[in-house]
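Colleague: One-letter residues, chain by chain:
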Amino acid sequence: MFDGMTRRARRGMLREWRLHTLSVFSLAVAFVCLGAALLVVANLRAIEERWAHAGRFSVYLKDQATQPDIDLVKSALTKVPGVTEVRYVSSGQARAEFGMSEGAAKSDLAALPVEAFPASIEVLVRPDMPDADIAEITGKLKVLPAIEDVETYQAWTERLSRLVRGGVAAASLLAIVVFASVLAVVGSTIRLALQRRRTEVEVLKLVGATDVFVKGPFLLEGSAQGAMGAVGAVVLLGLLFAIVRGRLDGELVTLIGLEPTFLPWPVAIGMIAVGAFLGMAAAALGLRKLVTV
Amino acid sequence: MFEDVYKSYRAGVPVLRGMNLIIERGEFVFITGPSGSGKSTLLRLLYRAERVDQGRILFMGRDVARLRDESVPFLRRNIGVVFQDFKIVSSWSVYENVAITLEVLGLPTRLIKARVGEVLERVGLTGRGGDVAGVLSGGEQQRVALARAIVGEPALILADEPTGNLDPQLALDILGLFDEIHESGTTVLFATHDRTLLEVRPRRLIVLDEGKAMDVPNGVSTPPDEDYDNQLPL
Ligand SMILES: Nc1ncnc2c1ncn2[C@@H]1O[C@H](COP(=O)(O)OP(=O)(O)O)[C@@H](O)[C@H]1O
Ligand SMILES: [Mg+2]
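Residue numbers (numbering that gives the first Met the number 0), protein chains in the order written: chain P, 0 to 292; chain R, 0 to 233.
Don't read these hints as lab results, they were simulated from the structure. Beta carbons: idealized from backbone N, C-alpha and C, even for Gly.
Residues from chain R that face chain P, not an exhaustive set, calculated with beta carbons under 10 angstroms:
id, residue
1, Tyr46
2, Arg76
3, Asn77
4, Ser90
5, Ile99
6, Thr100
7, Leu101
8, Leu104
9, Gly105
Just the calculated beta-carbon pair ranges, DEER-fashion:
id, chain 1, residue 1, chain 2, residue 2, range
10, P, Val176, R, Val131, 37 to 45 angstroms
11, R, Gly60, P, Ala174, 49 to 57 angstroms
12, R, Gly60, P, Asp210, 21 to 29 angstroms
13, P, Thr209, R, Arg50, 17 to 25 angstroms
14, P, Asp210, R, Arg61, 14 to 22 angstroms
15, P, Asp210, R, Arg16, 27 to 35 angstroms
16, R, Phe73, P, Ala169, 48 to 56 angstroms
17, P, Asp210, R, Arg65, 18 to 26 angstroms
18, P, Ala169, R, Ser89, 48 to 56 angstroms
19, P, Leu21, R, Ser89, 20 to 28 angstroms
20, P, Asp210, R, Arg109, 23 to 31 angstroms
21, P, Thr209, R, Ser89, 23 to 31 angstroms
Using the sequences provided together with the hints, build the complete structure.
Modeller: This is how it looks when you write it as structure tokens:
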């Protein structure tokens, strides 16, 4: 029986291929919007994750700080539980390191004076160290006379978090809109298909087909449309992603310190599953008032 | 079969008013009456396309009027229906149109092929299984519809003016097919107002009028005189 159902569904879709193609295309467009939003959120998340677990802070030293001052701070920091590494970076080294990571822009930066890069003590801490503990240490450090400032990257992380939360909210809103449009598109396509196959449905009911038998092919068609729309969107998005990454790769990576990632597979597959499910739900809604013989 | 059946589509305009009618297994019954007298309604009540307002309709020991909706498909598997407008799917092949009855039952494809082949032969459409149903002539389309109705070997065949869209000779041919089906033991309820069909040979004739059913003596022996015309309000 399931065999016959898929056969009738396939036949229905082939016979009305224009209608179904149009529907799948509009669904793909809707899903591309959603996928793009998810892609942005996923990448922001990855960046946030990276910076949240930075597990480091920088202690910037005043220019007039002497070697004994520096040694004192270093030895004090080494004794703090949770601190894994303390390293002094002179301003000369700082410039060299920055130039190295900046790659192509090296020549411009080389022209900057040495003073632009203050000497610092780079402190690595265990990634699971509570923020409060770090704040306590940095608070104590800031009042020392040899220290100019302490950078914990905390503000940076918080701004990123806010951005991610905003992105998630926007994506959720978009998801609702997209889901509603999937319901509307598939629902009306199925109603139209039902209209065109009215005689077929009448005949089926006349010869004693159960509701499941009559509705099955339409439900399959709806869910196939939803899934195909989502697959189309993932493919399209992959293409766009490849193009964009190909153009921006070097600059992007140094800017955010991370390779841009495509939608994680569970998300892509989830989108297809949601498409299939919504398509079926829309078909079921469209069939509620199935013609009665 | 019918016991005190009332049916109205609109309040105050009853179509059937306390209709009583008993049809035995294996009978061939003509149902006639003026247009709008409720012939189609009577048939639709039988295969539960409509529900009665009051009364009972007994078929195969069950009250059709009180079947749960889920049971209706199983009722219809025991009833074959043929309409004036054929109601075949014109984009399907002849074979598909007939086979659907058996596909619904979930029979294996091999058996379906064999049974559809036999039935197409019975209705005179041997070898036409592959043709697209929509391009057939009216008479041929009605044969397809008839094949679809009988291929499941139902206990009862309902025909709602099946010859209404066909010219007289084709109508007689189709009636001949119904006769053959009847001879193989199937009960046939044939609604028509085509007098030439009624006169082919003596048969039980029921006239619907004023929402009631009346048995009317009928047969080729009855001369088609004025008296006969008065009895048949056609
Ligand atoms: N679905 C319907 N809704 C409202 N009135 C209907 C419907 N079907 C039939 N009727 C009315 O019921 C009466 C009987 O119709 P019908 O059974 O089709 O008669 P017949 O087949 O003898 O011509 C007619 O007056 C018709 O207008
Ligand atoms: Mg009628």
